[in-house]
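Take the sequence shown: its letters are residues -24 to -1, 1 to 210, numbered as in mature numbering (1 follows the signal peptide of the UniProt record, and there is no 0).
Calculated from the structure, these hints are not laboratory results.
One or more hints might be untrue.
Unchecked claim - With beta-carbon atoms standing in for the labels, derived distance ranges:
no., residue 1, residue 2, range
1, Asp14, Arg144, 43 to 51 Å
2, Arg144, Asn15, 27 to 35 Å
3, Lys136, Gln63, 17 to 25 Å
4, Ala178, Phe17, 40 to 48 Å
5, Gly46, Ala188, 18 to 26 Å
Stated by the list, open to error - Within a straight-line C-alpha distance of at most 20 Å, the following computed SDA-like cross-link-like pairs (lysine to any residue) qualify:
no., residue 1, residue 2
6, Lys136, Ser28
7, Lys32, Gly44
8, Lys32, Ile75
9, Lys154, Leu120
10, Lys136, Asp48
11, Lys136, Leu18
12, Lys32, Asn11
13, Lys136, Ala39
For each residue, glycine too, the CB sits at the ideal point set by N, CA and C.
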Amino acid sequence: MASSSNQQLFFLLLALLLPIAINGADLITQDCGENFTDNAFLQGNINSVLLSLVAKTSAHGFANSSYGTGADAVYGISECREGANAQACSACVSEAALIAHTSCPNSADLSIWYHSCYLPYTRAVEELLGIVGSAASWGENIKLGWGVMDSPNFNGSIGKLYGMAQCRWDLEQAACIKCLADAMQIRRESCGDREGCYVITASCSLRLEGYAFLFLNAPLDPKTPARSIAVGSL
């Protein structure tokens, strides 16, 4: 009963956020990942992330959102193609959220690509860099992806984990994805479990930190441990 009520509430709230007309949101493909069962907390966090992305994306053409803590934490981003106006962007992300909820109702990890927008969410910390990497590879001019999610600290408290991925502007999507995949492997081998890590290559870069290094020109947190820096020549 609770699950049914949550579903009805999701569709009601989404209907209030949906534009009057949805045009141009042509589905390219969708990837429904790991399934889960009987987890109302996780489903609630997924719904909250989707609704938040629908509400926030049209203002700037992109948005990120995270809800929950620990194993039930969910992180998502949305991004519209350069040149899409606010109405088309909002319509595309709204439809993507609806498809996510109806076509992949029990997916803990999901990605949806339209011609006009891209919407993924995940609950795995390791996937944060994968998501921002996908966003970076999708850009036409500026190939930059970024995001933030809740992450458990060693002392049991909940902190923030910030990720950034960037490719050279002239790289094709496939080359960008390969470069970032190789950079992620360098990160795993060179930085291990360290929270702070910066991988720099000739064609792309990848960064993971426990402080907002990219947003609002935030200064370095003096309490943040020295990060690992790995340089590659991909």
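> Any hints this thing doesn't respect? Which numbers, in order?
Replying inline: 2, 3, 12
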